[in-house]
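Asks: Chain by chain, the residues:
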Amino acid sequence: MTHPSQDLDDVVHQRVRLGILAVLSEANYVDFGYLKEVLGLTDGNLSRHLSVLADAGHVTIEKGYAGKRPRTTVKATAGGRRALADHLASLKELIKRIEGQ
Amino acid sequence: MTEEQAAAEAKELLADVERVRSQARTSLLSANYALFLLWGLLTIGSTVPLLAGAPNVGNYWVGAAPVGALISFWLGFRSSEAIGTGESSTPYVITAVGIFVFTFGGSALFDGGTAIVWVFASLAVGFGVFAFLDRQLLVLPLVALVVAMIIALGITIEDTAALYLSCAFLLGGGFLGLGTGLWITRS
Numbered sequence: 001m002t003h004p005s006q007d008l009d010d011v012v013h014q015r016v017r018l019g020i021l022a023v024l025s026e027a028n029y030v031d032f033g034y035l036k037e038v039l040g041l042t043d044g045n046l047s048r049h050l051s052v053l054a055d056a057g058h059v060t061i062e063k064g065y066a067g068k069r070p071r072t073t074v075k076a077t078a079g080g081r082r083a084l085a086d087h088l089a090s091l092k093e094l095i096k097r098i099e100g101q
Numbered sequence: 102m103t104e105e106q107a108a109a110e111a112k113e114l115l116a117d118v119e120r121v122r123s124q125a126r127t128s129l130l131s132a133n134y135a136l137f138l139l140w141g142l143l144t145i146g147s148t149v150p151l152l153a154g155a156p157n158v159g160n161y162w163v164g165a166a167p168v169g170a171l172i173s174f175w176l177g178f179r180s181s182e183a184i185g186t187g188e189s190s191t192p193y194v195i196t197a198v199g200i201f202v203f204t205f206g207g208s209a210l211f212d213g214g215t216a217i218v219w220v221f222a223s224l225a226v227g228f229g230v231f232a233f234l235d236r237q238l239l240v241l242p243l244v245a246l247v248v249a250m251i252i253a254l255g256i257t258i259e260d261t262a263a264l265y266l267s268c269a270f271l272l273g274g275g276f277l278g279l280g281t282g283l284w285i286t287r288s
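Chains as they are written, first to last, in our numbering: chain A, 1 to 101; chain B, 102 to 288.
Just to be clear, a hint being listed does not mean it is correct.
[Unchecked claim] Calculated lysine-lysine pairs in the DSBU-like style (CA-CA distance at most 30 Å, straight line):
(1) K75(A) / K92(A)
(2) K92(A) / K112(B)
(3) K36(A) / K75(A)
(4) K75(A) / K112(B)
(5) K63(A) / K75(A)
(6) K112(B) / K96(A)
(7) K112(B) / K36(A)
(8) K68(A) / K36(A)
(9) K36(A) / K92(A)
These are calculated hints, taken from the structure and not from any lab test.
Bound-form chain A, shown alone:
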């Protein structure tokens, strides 16, 4: 039996990226500006973390327009939603295992 900490996904196991996936799990799509505000991040910081998640296939990023205003929307992929659920389950298992010792 492997230790639950070995099940933790390095891409997801990071406070900001976990926060991004958590927000995305509540909606079909989320505006870049909304993510920035709810997570208290700068444009550059959020972009960096989104790139990591997009490279791992956990999110998709779409650039478009709302009227004449440029708009970037982010969506969690099915893999991203699964990765979040698996990660939360692993964290709970880790706590249970350590506290059960």
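Assemble chain B onto chain A, guided by the hints.
Replies: Relative to the frame of chain A, chain B by itself:
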């Protein structure tokens, strides 16, 4: 890092996840406060012709329901643009069409008290489906309670006008109360 530190960090991460999730959930739900206020006013408004002595409220809903639906779609679109989160519109459109089919179909199929209970219960269930689509599972027990109360009113009140007024004030009042609560949460 010791195992105790790892457990403490894991707990902190889980708490953070729950906090941002609940913040996002509140943003989505509170964005819909205007919809609840709108349908609350329309439902309470439907009692006016009855109280004024009109024989039924069918004509009122033939006009009010499509207007309410159009305003609802506009409000839904505007709120998702404003708060920056949203959902695919297809399940919402299907639910809205379902509510129309069930309410108007039920009122054509049934008579008297049964039609009234059917229409109001369909409206309540329809809003329950909207809440489910918005992942607002806490609203679902409230919907179940309102449906149970509507059925109980249908069993206990024989006079159809009194039954309609009771159901309209119950559901309309519920919508207005929820809408006001969400509006307060939002501001």
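Asks: Each hint: holds or not?
Replies: Verification of the hints:
1. K75(A) / K92(A): At roughly 25 Å apart (the allowed maximum being 30 Å), K92(A) and K75(A) satisfy the hint.
2. K92(A) / K112(B): Holds, because 8 Å separates the two Cα atoms, which is no more than 30 Å.
3. K36(A) / K75(A): 14 Å, holds
4. K75(A) / K112(B): Holds. K75(A) to K112(B) sits at ~26 Å (cutoff 30 Å).
5. K63(A) / K75(A): Since the Cα atoms of K63(A) and K75(A) sit roughly 12 Å apart, the hinted pair holds (cutoff 30 Å).
6. K112(B) / K96(A): Between K112(B) and K96(A) the Cα gap is close to 10 Å, so the pair holds against 30 Å.
7. K112(B) / K36(A): 24 Å, holds
8. K68(A) / K36(A): 21 Å, holds
9. K36(A) / K92(A): The given pair, whose Cα atoms are some 27 Å apart, holds under the 30 Å limit.
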